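As a plain string of letters, each chain reads:
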Amino acid sequence: MISLRGVSLVYPNGVRALDNVSLEIAKGDFVFLVGHSGTGKSSLLRLLYREANATTGEITVDGIRVDRLRRNRIPALRRHLGVVFQDFKLLTDKTVWENVAFAMQVTGAHTRDVMRQVPRVLDLVGLAHKSRMYPSELSGGEQQRTAIARALVNNPKILLCDEPTGNLDPANTTEITALLQRINLKGTTVVVATHNQAVVDRMRRRVVRLDDGRITTDEERGYYYLGLGQDQILSG
Amino acid sequence: MKNGATTILDSGKIRFFLGEVLRNFSRNTGMQITAIGTVAITIVLLGLFLFVRAALADVGARLLDQIEISAYLRTDVTPTQTAAIGRYLAMDPRVASAHFVPKREGLAELRSQTRGAIDTALLTENPLPDKFRIKVRVPEEVGAVAATVTRLSGVDKVVYGQKIVQRLLQLGSVLRRVGIGVIVVFFVVAGVIISNTIRLTVFARRREIAIMQLVGATNTYIRLPFICEGLLAGVLGALLAVGILAIARVELWPRLLEALPWISLGASPVDARLLALELLAVGAAIGAIASWLSVGRHLRT
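Protein sequences appear in the order of chains S and W.
FYI, in our numbering the residues of the first sequence are 1 to 236.
FYI, in our numbering the residues of the second sequence are 237 to 537.
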């Protein structure tokens with residue numbers, strides 16, 4: 001589903017964000033990208049939705065050669081992807097319903113499809129009863145669930161999350177993590193960049209560790225720290 | 237692909253789109269009013285210019301039509317020379333008509349024109365020479381025809397309204413140059429103001445735009461509301477201008493005609509409805525073009 005081969009990313013200011021990264025993510029996978037701030041987690045995600053482009057290397061997402069994509073084809077790529085951020089990026093003057101519908105409306109979706117699809121995703125994220133509320137009337141977790149609903153409304157095969165729980169308290173973090181897991185169980189490939197140790201350790205899914213722009217480890221059923229769960233660190 | 241039906245419009249889509257345009261439009265009310273006002277001033281000036289030009293051309297054409305050349309013949313002219321002049325004038329393609337006025341008729345004309353102010357009975361002999369009264373086809377050629385006629389043998393003096401002809405032709409060209417200059421300046425000003433308005437709207441909507449780009453809205457779709465916003469400003473400005481011009485025409489034009497009876501103005505030198513449509517089209521074009529040019533620049537990410 002996602003494939004990176006020998007990918008490097010050097011920003012115009014000379015900073016080398018990624019250095020010869022190779023990574024394969026299968027359909028239906030759930031992957032954590034972990035590492036300190038500035039190790040290239042966000043940069044890697046940005047390459048996948050072509051907010052940035054690789055300096056060298058090949059990137060394939062759902063059969064599309066993203067690194068070679070022409071500018072006018074980028075919208076088509078992004079309709080296959082859902083992206084969620086730490087700061088939600090909701091429109092404050094639109095309701096929950098309008099925020100979610102917006103993602104369909106601006107891509108020219110049929111009103112009939114909007115009317116069918118929006119209730120479905122709001123139901124999935126458990127916000128059907130708050131669809132008329134504005135973001136300012138919601139908790140952080142509810143705002144992030146709105147953002148996830150918006151990311152899912154166009155039925156993407158892949159959901160990319162950049163620090164989705166970064167602004168949330170532990171209770172809301174648990175709620176969002178459970179939601180991401182449910183979405184993954186429905187067959188969506190999920191990639192989460194995070195430095196929330198609790199989330200990673202509780203889930204025990206694939207963990208790709210980045211350090212200074214390179215992949216240092218890649219383990220199935222991994223922990224946030226190499227080979228160690230939270231309890232072991234505390235007791236050790 | 238579930239977005240295959242992008243080209244099919246439905247009422248929900250149209251309502252959403254128009255809603256977005258109106259939200260854009262109401263976001264910077266002050267700036268929009270400035271933009272509309274500038275377009276209105278530009279269009280009023282353009283309308284006045286077109287109208288005055290048409291009126292002036294109308295008056296000019298009438299005045300020039302009335303201008304004729306009087307070619308006075310020498311007193312010792314022979315009938316052969318007179319006939320030769322008549323034949324020449326009949327052949328010259330620039331000449332519309334040429335009438336021979338013998339001095340007897342000339343005196344009668346003078347008598348009727350002065351209406352007895354000069355007692356012609358006092359004259360013991362007719363002091364007037366014979367003359368040809370010549371009309372030309374194209375007003376601009378009056379001077380050239382006059383010069384040719386002066387050189388014909390038997391012609392003594394050629395008289396025509398040199399000054400009037402030259403002034404009219406000059407006034408026309410000066411007015412055209414000044415008018416076009418002023419209008420170009422206003423077009424540029426209107427364009428810059430619309431462009432600035434668009435930039436403010438782009439800035440105010442940068443979150444929406446970022447999200448649209450994120451979820452895969454096409455560039456055309458993102459730009460369209462801004463183009464429509466510019467178009468709306470242009471059309472509203474033009475409507476305002478047409479309204480002002482219409483009031484001016486109804487209220488001021490009859491008074492102007494009354495005040496200047498000696499200018500033989502036509503009741504309506506231009507087709508008002510056609511002019512109004514043209515001005516609306518120009519307003520729409522200023523708005524659309526200015527926003528098209530600016531939105532691309534301001535949307536670069």
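One should not assume that every hint holds.
[Stated by the list, open to error] With a cut-off of at most 25 Å between alpha-carbon atoms, the simulated BS3-like pairs for lysine-lysine come out as follows:
1. W:K371 to S:K94
2. S:K130 to W:K399
3. S:K157 to S:K186
4. S:K157 to S:K89
5. S:K89 to W:K249
[What the hints assert, rightly or not] One side only, chain W facing chain S, incomplete, derived with CB under 10 Å:
6. V395
7. A446
8. M448
9. L535
It should be emphasised that the hints constitute simulated quantities derived from the structure, not laboratory data.
Predicted model only: the values in this text are computed from it and were never measured.
The beta carbon of each residue, even a glycine, is placed where N, CA and C say it ideally should be.
Sort out whether S:K94 lies within 25 Å of W:K371, counting only the CA atoms. Between W:K371 and S:K94 the Cα gap is close to 76 Å, so the pair fails against 25 Å, i.e. violated.
Checking one constraint from the list: CA of S:K157 to CA of S:K186, max 25 Å. Satisfied? holds, 10 Å
Would you settle whether the hint for W:A446 is holds or violated, based on the nearest Cβ-Cβ distance to chain S being less than 10 Å? holds, 7 Å
Are the Cα atoms of S:K130 and W:K399 separated by 25 Å or less? violated, 84 Å
Are W:V395 and chain S close enough, Cβ to Cβ, to be under 10 Å, as the hint says? With a closest approach of 73 Å, the W:V395 hint is violated.
Is the Cα-Cα distance between S:K89 and W:K249 25 Å or less? holds, 23 Å
Just to be careful: measuring from the Cβ of W:M448 to every Cβ in chain S, is the smallest value less than 10 Å? holds, 5 Å
With a cut-off of 25 Å on the C-alpha distance, tell me whether S:K157 and S:K89 pass. holds, 21 Å
Measuring from the C-beta of W:L535 to each C-beta in chain S, is the shortest one below 10 Å? violated, 12 Å
Comparing the model with each earlier hint shows violations of hints 1, 2, 6 and 9; every other hint is respected.
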